[in-house]
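Chains as they are written, first to last, in this note's numbering: chain A, 1 to 100; chain B, 1 to 150; chain C, 1 to 175; chain D, 1 to 116.
Everything labelled a hint here was simulated from the structure, so no lab data went into it. Keep in mind that the hints are not guaranteed to be accurate.
Cut-off 30 Å, straight-line C-alpha distance, at most; resulting in silico cross-link-like pairs (BS3-like, lysine-lysine) [stated by the list, open to error]:
1) K68(D) / K37(C)
2) K59(C) / K5(C)
3) K108(C) / K156(C)
4) K110(C) / K156(C)
5) K59(C) / K137(B)
6) K137(B) / K25(A)
7) K59(C) / K3(C)
8) K37(C) / K3(C)
9) K68(D) / K59(C)
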Amino acid sequence: MTLVMVVTTMAIFATMALALVRALKGPTIYDRINAVNVFGTKTVLIIALITYITGHADLIDVALVYALINFIAVVTVLKLAKTRDLASSADVADGAVEHD
Amino acid sequence: MIDNDILRIVARFLIPLIMLFGLYIQFHGEYSPGGGFQAGVVFAAGWILFALIYGLDAALRVVPERAMYILMVAGVMLYCAVGVAGVMLGGHFLDFYPLLPGEHAAQQFGIITVEFGIGVTVATVVMLFFTLFARRKSQWEAAEVEDDQP
Amino acid sequence: MSKWKERIGKILRSMRYILSLTIVLAALWLAVSGVYKPLIMLLGVGSVALVVWLATRMKVVGVEHNPALYAGRLPLYWGWLAWQIVLANLNVARLILNPAQVRPRVFKVKVPHDTAVAGAAYANSVTLTPGTVSLQMTAGELTVHALDRRSAEELKSGAMARRIAWLEGSDTEHP
Amino acid sequence: MIETVIDIVSWICLLLGGAFGIIGGLGLVRLPDFFTRLHAAGVAETLCPLLIVLGLVLQSGLSLLTLKLVLILLFLLFTAPTATHAVARAAMLDGVEPSLGNDESEPTSGEPSSNT
Chain A
1 MTLVMVVTTM AIFATMALAL VRALKGPTIY DRINAVNVFG TKTVLIIALI TYITGHADLI
61 DVALVYALIN FIAVVTVLKL AKTRDLASSA DVADGAVEHD
Chain B
1 MIDNDILRIV ARFLIPLIML FGLYIQFHGE YSPGGGFQAG VVFAAGWILF ALIYGLDAAL
61 RVVPERAMYI LMVAGVMLYC AVGVAGVMLG GHFLDFYPLL PGEHAAQQFG IITVEFGIGV
121 TVATVVMLFF TLFARRKSQW EAAEVEDDQP
Chain C
1 MSKWKERIGK ILRSMRYILS LTIVLAALWL AVSGVYKPLI MLLGVGSVAL VVWLATRMKV
61 VGVEHNPALY AGRLPLYWGW LAWQIVLANL NVARLILNPA QVRPRVFKVK VPHDTAVAGA
121 AYANSVTLTP GTVSLQMTAG ELTVHALDRR SAEELKSGAM ARRIAWLEGS DTEHP
Chain D
1 MIETVIDIVS WICLLLGGAF GIIGGLGLVR LPDFFTRLHA AGVAETLCPL LIVLGLVLQS
61 GLSLLTLKLV LILLFLLFTA PTATHAVARA AMLDGVEPSL GNDESEPTSG EPSSNT
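Whenever a hint applies, use it, and build me the whole structure from the sequences.
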């Protein structure tokens with residue numbers, strides 16, 4: 001049983017590596033943010049799998065917290081990248097974001 | 001980001017859940033990983049999500065900056081008070097056993113109170129970090145305008 | 001007189017939302033807690049009260065917390081949506097393994113729902129099924145990016161919009 | 001007997017979930033432009049968690065752990081499309097142009113069409 005879970009964990013690690021490739025390659029900042037979002041979702045799954053592999057039922061709380069924090073992190077980075085201003089409530093940036 | 005309807009509605013739904021989950025971590029430190037520090041961060045994250053969607057001004061109307069400073073200090077004071085109370089009643093610093101008659105009850109009371117102090121401090125400090133960081137741009141712009149005028 | 005009636009109705013409605021938020025939060029606490037000692041339960045009551053108080057201060061209590069949304073239709077919709085997600089995933093997985101067949105397109109679909117919540121549910125369901133991503137939602141219209149014709153046709157057939165309308169059926173209030 | 005069947009179903013779910021994760025990751029690297037890559041991220045964010053959580057739930061039966069797992073899945077399915085939409089909307093408002101394929105070159109005639 002543990003073997004199957006370890007194999008699944010490896011598959012998810014591979015997915016994370018692929019997401020990391022996209023995050024490094026870009027080309028737009030939105031590509032990077034999207035890749036980081038996938039990376040975060042996979043982290044949650046890995047923590048859930050580790051909970052079962054090790055048998056420490058408490059770890060599932062960490063996964064739950066990470067699922068929440070990941071969303072906030074993506075929203076924050078998106079807002080910072082787009083408006084360069086975390087304090088405003090407006091969405092539309094007057095300054096354009098440089099593409100790298 | 002208030003004009004993104006979908007994001008706004010989902011955030012409105014999530015914010016109470018995030019804050020409640022922060023408090024859950026706070027009070028279940030005995031039974032699962034967590035405790036004051038993580039709980040404070042998660043609780044503050046709920047407020048930060050609100051600030052991101054509705055703007056910093058609206059968020060500061062919910063939790064005023066003054067209240068943050070007061071609570072920040074109050075949390076540390078609570079922590080110290082429990083520690084010093086142990087010394088006063090004839091133990092070491094942060095020794096919970098002299099606080100209450102029963103050993104288990106004393107331990108539980110001490111840990112919950114201390115963790116609560118930590119949680120309050122961490123939550124308000126994280127909120128303050130965000131506030132100061134988010135204000136940077138407007139302050140910087142204001143300084144620039146002043147520089148332009150002779 | 002009617003003005004008073006309106007105001008009382010408004011208060012009653014917001015009480016209803018607050019009550020339903022309280023029930024949801026209490027249920028969540030009981031579900032994740034797993035420790036049913038008096039002390040922890042007492043702290044739970046305090047936590048729920050604090051969160052509800054802050055939520056009303058933030059004014060985030062609203063139609064999102066309408067009890068009708070948690071009614072029996074939701075699990076049925078989720079079941080249907082899960083099946084749609086499986087089908088859409090198979091299609092997109094095929095396209096990823098064979099990227100030459102990708103024919104991206106952008107088009108608009110009507111959002112036939114009254115409430116903003118239903119609109120958001122629709123847009124999220126569209127994004128949740130791979131092959132279609134909602135780009136922007138304006139009044140009554142949703143701009144969608146689709147990966148190929150089949151995903152686009154699937155969405156244009158309106159099956160999902162009809163189900164969302166059925167989901168919100170019992171709720172006719174405007175936010 | 002029944003336990004073996006449940007075990008096997010759960011293995012299949014876990015492995016399929018991992019496979020869909022890798023397919024999504026591949027798509028994230030292979031597909032041509034930003035908007036198409038969003039769909040690949042969608043594969044990695046919907047069916048992959050769905051199958052893996054299903055596999056784990058079958059392992060643990062009815063317990064507190066199951067409940068928290070289902071909560072995680074709900075949170076993920078709730079937030080993932082929202083984040084994707086926010087990123088897509090920001091990119092579109094920022095002027096990232098989606099590349100569009102034309103229907104004329106679509107190989108529909110030769111392909112057996114399976115309507116779902």
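Structure-based check of each hint:
For a cut-off of 30 Å, the pair hint linking K68(D) to K37(C) stands: about 20 Å separates their Cα positions. For the suggested pair K59(C) and K5(C), the alpha carbons sit about 22 Å apart, so the restraint of at most 30 Å is met. Taken as a hint, the K108(C) and K156(C) pair is honoured in the structure, with Cα atoms around 9 Å apart against an allowance of 30 Å. Restraint check: the Cα-Cα separation between K110(C) and K156(C) comes to about 9 Å, which is no more than 30 Å; the hinted pair holds.
With a CA separation close to 27 Å, the supplied pair K59(C) and K137(B) stays within the 30 Å bound. The suggested pairing of K137(B) with K25(A) holds, with an alpha-carbon distance near 29 Å, which does not exceed 30 Å. For a cut-off of 30 Å, the pair hint linking K59(C) to K3(C) stands: about 23 Å separates their Cα positions. A C-alpha spacing of about 48 Å is found between K37(C) and K3(C), which places the hinted pair above 30 Å, so the restraint is violated.
About 28 Å separates the Cα atoms of K68(D) and K59(C), which keeps this hinted pair within 30 Å; it holds.
In terms of the numbered hints stated before, the structure departs from hint 8 and from no other.
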